[in-house]
Amino acid sequence: MATREVGRVGLPLMNIVRMKGVPILQQLEMEECLLRTSSDNWCIINDGTDSPTIVMGISGKPAELVEISPVLEDKIPVIRRFTGGGTVIVDHGTIFVSFICNKDAVADVQPYPRPIMSWSSLLYRKVFQGIADFRLRENDYVFGHRKFGGNAQSITKSRWIHHTSFLWDYETRNMSYLKLPKRAPEYRLARDHLDFICPMKDHLSRSDFINKTIDAASSHFSVSSTIKPPSNLKFTPNSRLLTEQELEAAAMKSFQ
Amino acid sequence: MALRMWASSTANALRLSSVSTRPHFSPLSRCFSSVLDGLKYANSHEWVKHEGSVATIGITDHAQDHLGEVVFVDLPDVGGSVTKATGFGAVESVKATSDINSPVSGEIVEVNSKLSETPGLINTSPYEDGWMIKVKPSNPSELESLMGSKEYTKFCEEEDASH
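Residue numbers (my numbering), protein chains in the order written: chain A, 1 to 256; chain B, 257 to 419.
This is chain B alone, in the form it adopts within the complex:
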């Protein structure tokens, strides 16, 4: 646990990864999870990237690491709606289904169809190829209550340290 906390602090100090670069997982970096600047984060470990009128949503590196190998993803249909802090789908990993909660409310405009054939993208590329849904936010002010990268990093450290 001490090594994990040291590594997490180091990652935070280095502001590891940016929005434009694919996270690179070296053997050392597997000791901690990557957190990208420029995204917003929910305390249920989903991320959201707001660009123009569209918000892209997925689960964080911390979440995929704790869930284990994802073998199945259940996502809603385009045209449906999501509500902030409520479930819109689920992933199956190990022997569990785990709810995925939306950080924002809105209408679903796109769903990542690659995940039905390759659910492991959530593990290998949680912030890029493993995105889950794209939403047209109905209330963009909801983003303001989400955590930034520093706050989320600290949240993850505290959560791991308390168990």
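So that you can see chain A by itself, here it is in the shape it has in the complex:
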């Protein structure tokens, strides 16, 4: 069992990394590297990403999830990430928050999807207390019945990552690049994207959200800011950009 490093108040240490506008692929590669090669706890916050990008989960099939023709025409990058879950289109209006933890650092949470999801919802409940009707609904963060945050996880033997893309704001036209997924939460009730999601900006500012999230994390961890996490040049990440050829092949196959 790994030694549990503790801060002054007996809480496990957590490094907070605040970024702004970092490309989502770079963020995902950093996260997977930290999950697999670090033994510390991390909270990665990326305030917006540089350009609109579609991000699928590990088993995502482009032909089922993405409108390939306009994506190719408009040169929208499509990434398959290392975590599970569904498809999102992210841009400068998306705020990303990721928790990478040793399972022993959150010892009362079993390292399985639902307990981790539940733990995360308790943390974010503190963020939105008195601000909005926040809930974890199936596996989404919602205000009422509208989703504003999507979650995904990866769980190893002794560590896990829970990461979220928060829709602080979004371009409505970008949602037209995404198809209605076959696998959808029941509460979605076949609503199309614009009827299903809502922006967070109506409730609080970007900086307030980020600061409140760090405050909420500090009730579980002894947090300290870190400028840049270590990199491991020997690590090969699994998240990757799909090529045009792969997208074209997927489109061709779907017509057969």
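Fair warning: there could be bad hints in the mix.
Unchecked claim - Taking CB as the label site, the calculated pair distances span:
hint, chain 1, residue 1, chain 2, residue 2, range
1, B, Gly-308, A, Leu-241, 43 to 53 angstroms
2, A, Glu-248, B, Gly-404, 38 to 48 angstroms
3, A, Gln-26, B, Gly-376, 31 to 41 angstroms
4, A, Ser-158, B, Val-310, 40 to 50 angstroms
5, A, Lys-20, B, Ser-394, 47 to 57 angstroms
Unchecked claim - Cut-off 30 angstroms, straight-line C-alpha distance, at most; resulting in silico cross-link-like pairs (DSS-like, lysine-lysine):
hint, chain 1, residue 1, chain 2, residue 2
6, A, Lys-253, B, Lys-370
7, B, Lys-410, A, Lys-103
8, A, Lys-253, A, Lys-179
9, B, Lys-370, A, Lys-157
10, B, Lys-410, A, Lys-157
11, A, Lys-103, B, Lys-305
12, B, Lys-305, B, Lys-392
13, A, Lys-179, A, Lys-103
14, B, Lys-406, B, Lys-390
15, A, Lys-61, A, Lys-182
16, B, Lys-305, A, Lys-75
17, B, Lys-305, A, Lys-157
18, B, Lys-340, A, Lys-157
19, A, Lys-179, A, Lys-201
20, B, Lys-390, A, Lys-61
21, B, Lys-406, A, Lys-75
22, B, Lys-410, A, Lys-179
23, B, Lys-340, A, Lys-182
24, A, Lys-61, B, Lys-392
25, B, Lys-305, A, Lys-234
26, B, Lys-370, B, Lys-305
27, A, Lys-75, A, Lys-179
28, B, Lys-340, A, Lys-234
29, B, Lys-340, B, Lys-410
30, A, Lys-103, A, Lys-212
31, B, Lys-406, A, Lys-103
32, A, Lys-157, A, Lys-234
33, B, Lys-370, B, Lys-392
34, B, Lys-410, B, Lys-390
Stated by the list, open to error - Selected chain B positions facing chain A (Cβ under 10 angstroms, derived; list incomplete):
hint, residue
35, Gly-294
36, Ser-300
37, Asp-333
38, Gly-335
39, Ala-346
40, Glu-415
Calculated directly from the structure, the hints in this document are not laboratory data. Ideal placement from N, C-alpha and C gives every residue a C-beta, glycine not left out.
Got chain A sorted already, so can you dock chain B onto it with the hints?
Just chain B now, kept in the frame of chain A:
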């Protein structure tokens, strides 16, 4: 939690399920997970059945129950190798990918191709149709450090009780 512990103890006392019978999930049995005699178990919740020169590997009923509905399985290719206590693949369930770790080291001689089309076999038949890989063990003595059914049952009870 008390009901789960009682049910688990009862299952253990009854030595529920055997290697030769398919586990039968009655409404009561959904309160606890089945553990088969004759298999060996890792503390990361994989099982291994050693028959002759081949070891078959999968994840336990406890694991599939905690993971939720499995929607995707990522398995290695035949001819590759696995190392004890390290990952060889992953399952996707809910919104998570979860590593699958090998209880033993060796060469992969067969991979369950049914899981690509029907990953839910891991949930419905974790010890039979949901097997993942077959391995030729390079060091059969590694099996001795794994848990038997009684020890694994107790391990699961303690793990669930501590959370």
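Structure-based check of all given hints:
1. Checked against the hint of 43 to 53 angstroms, the C-beta distance between Gly-308 of chain B and Leu-241 of chain A comes to roughly 45 angstroms, which is consistent with it.
2. A beta carbon spacing of about 53 angstroms between Glu-248 of chain A and Gly-404 of chain B contradicts the range 38 to 48 angstroms that was offered as a hint.
3. Between Gln-26 of chain A and Gly-376 of chain B the CB atoms are about 35 angstroms apart, so this pair conforms to the stated range of 31 to 41 angstroms.
4. For the pair Ser-158 of chain A and Val-310 of chain B, the supplied restraint of 40 to 50 angstroms is violated, since their beta-carbon distance comes to about 29 angstroms.
5. At roughly 49 angstroms, the beta-carbon separation of Lys-20 of chain A and Ser-394 of chain B lies within the given 47 to 57 angstroms, and the hint holds.
6. The suggested pairing of Lys-253 of chain A with Lys-370 of chain B holds, with an alpha-carbon distance near 22 angstroms, which does not exceed 30 angstroms.
7. Distance hint between Lys-410 of chain B and Lys-103 of chain A is fulfilled; the C-alpha atoms sit about 21 angstroms from each other, no more than 30 angstroms.
8. Restraint check for Lys-253 of chain A and Lys-179 of chain A: the C-alpha separation of about 17 angstroms stays at or below 30 angstroms, so the hint holds.
9. Taking the CA atoms of Lys-370 of chain B and Lys-157 of chain A, the gap is about 25 angstroms. The hint holds against a cut of 30 angstroms.
10. For the proposed pair Lys-410 of chain B and Lys-157 of chain A, the alpha carbon gap of about 20 angstroms is at most 30 angstroms, so the pair holds.
11. A C-alpha spacing of about 28 angstroms is found between Lys-103 of chain A and Lys-305 of chain B, which places the hinted pair at or below 30 angstroms, so the restraint holds.
12. Distance hint between Lys-305 of chain B and Lys-392 of chain B is fulfilled; the C-alpha atoms sit about 12 angstroms from each other, no more than 30 angstroms.
13. Between Lys-179 of chain A and Lys-103 of chain A the alpha-carbon distance is near 35 angstroms, which puts this suggested pair outside the 30 angstroms criterion.
14. For the hint pairing Lys-406 of chain B with Lys-390 of chain B, the CA-to-CA distance comes to about 24 angstroms; that is within 30 angstroms, so the pair holds.
15. The hinted pair formed by Lys-61 of chain A and Lys-182 of chain A meets the criterion: a straight-line CA distance of about 11 angstroms does not exceed 30 angstroms.
16. Pair hint Lys-305 of chain B plus Lys-75 of chain A does not hold up; C-alpha atoms about 50 angstroms apart against a cutoff of 30 angstroms.
17. With a CA separation close to 21 angstroms, the supplied pair Lys-305 of chain B and Lys-157 of chain A stays within the 30 angstroms bound.
18. At most 30 angstroms may separate the alpha-carbon atoms for a hinted pair to count; Lys-340 of chain B and Lys-157 of chain A meet this at roughly 13 angstroms.
19. Annotation: proposed proximity of Lys-179 of chain A to Lys-201 of chain A holds, straight-line Cα distance about 25 angstroms (limit 30 angstroms).
20. Simply put, Lys-390 of chain B and Lys-61 of chain A have alpha-carbon atoms about 28 angstroms apart, close enough for the 30 angstroms limit, and the pair holds.
21. Distance hint between Lys-406 of chain B and Lys-75 of chain A is unfulfilled; the C-alpha atoms sit about 57 angstroms from each other, more than 30 angstroms.
22. Taking the CA atoms of Lys-410 of chain B and Lys-179 of chain A, the gap is about 46 angstroms. The hint is violated against a cut of 30 angstroms.
23. In summary, the hint linking Lys-340 of chain B to Lys-182 of chain A is not supported, as the alpha carbons are separated by about 37 angstroms, beyond the 30 angstroms threshold.
24. At most 30 angstroms may separate the alpha-carbon atoms for a hinted pair to count; Lys-61 of chain A and Lys-392 of chain B exceed this at roughly 33 angstroms.
25. With a C-alpha separation of about 35 angstroms, the suggested pairing of Lys-305 of chain B with Lys-234 of chain A is violated against the 30 angstroms cut-off.
26. Using a Cα cut-off of 30 angstroms, the hinted pair Lys-370 of chain B and Lys-305 of chain B holds, with the two alpha carbons roughly 19 angstroms apart.
27. Taking the CA atoms of Lys-75 of chain A and Lys-179 of chain A, the gap is about 17 angstroms. The hint holds against a cut of 30 angstroms.
28. Distance hint between Lys-340 of chain B and Lys-234 of chain A is fulfilled; the C-alpha atoms sit about 22 angstroms from each other, no more than 30 angstroms.
29. For the proposed pair Lys-340 of chain B and Lys-410 of chain B, the alpha carbon gap of about 22 angstroms is at most 30 angstroms, so the pair holds.
30. Distance restraint check for Lys-103 of chain A and Lys-212 of chain A: the Cα-Cα separation of roughly 24 angstroms lies within the 30 angstroms cut-off, and the hinted pair is therefore satisfied.
31. Note on Lys-406 of chain B and Lys-103 of chain A: the hinted pairing holds, with a Cα-Cα distance of about 25 angstroms set against a maximum of 30 angstroms.
32. In summary, the hint linking Lys-157 of chain A to Lys-234 of chain A is supported, as the alpha carbons are separated by about 20 angstroms, within the 30 angstroms threshold.
33. Among the hinted pairs, Lys-370 of chain B with Lys-392 of chain B is consistent with the structure: their alpha-carbon atoms are about 20 angstroms apart, no more than 30 angstroms.
34. The suggested pairing of Lys-410 of chain B with Lys-390 of chain B holds, with an alpha-carbon distance near 27 angstroms, which does not exceed 30 angstroms.
35. Annotation: Gly-294 of chain B was flagged as interfacial toward chain A, and the flag is violated, the nearest CB pair being 25 angstroms apart, outside 10 angstroms.
36. Taking 10 angstroms as the C-beta contact cut-off toward chain A, the hint placing Ser-300 of chain B at the interface holds, the least distance being around 5 angstroms.
37. Hint status for Asp-333 of chain B: violated, given a least beta-carbon distance of 16 angstroms to chain A, over 10 angstroms.
38. A hinted interface residue such as Gly-335 of chain B counts as satisfied when its beta carbon comes closer than 10 angstroms to some beta carbon of chain A; here the least separation is about 20 angstroms, so the hint is violated.
39. The criterion of a C-beta within 10 angstroms of any C-beta in chain A is met by Ala-346 of chain B, whose closest approach is roughly 8 angstroms, and the hint holds.
40. Because the closest C-beta pair between Glu-415 of chain B and chain A is about 7 angstroms apart, less than 10 angstroms, the hint holds.
Hints 2, 4, 13, 16, 21, 22, 23, 24, 25, 35, 37, 38, counting from the list given before, are not met by this structure.
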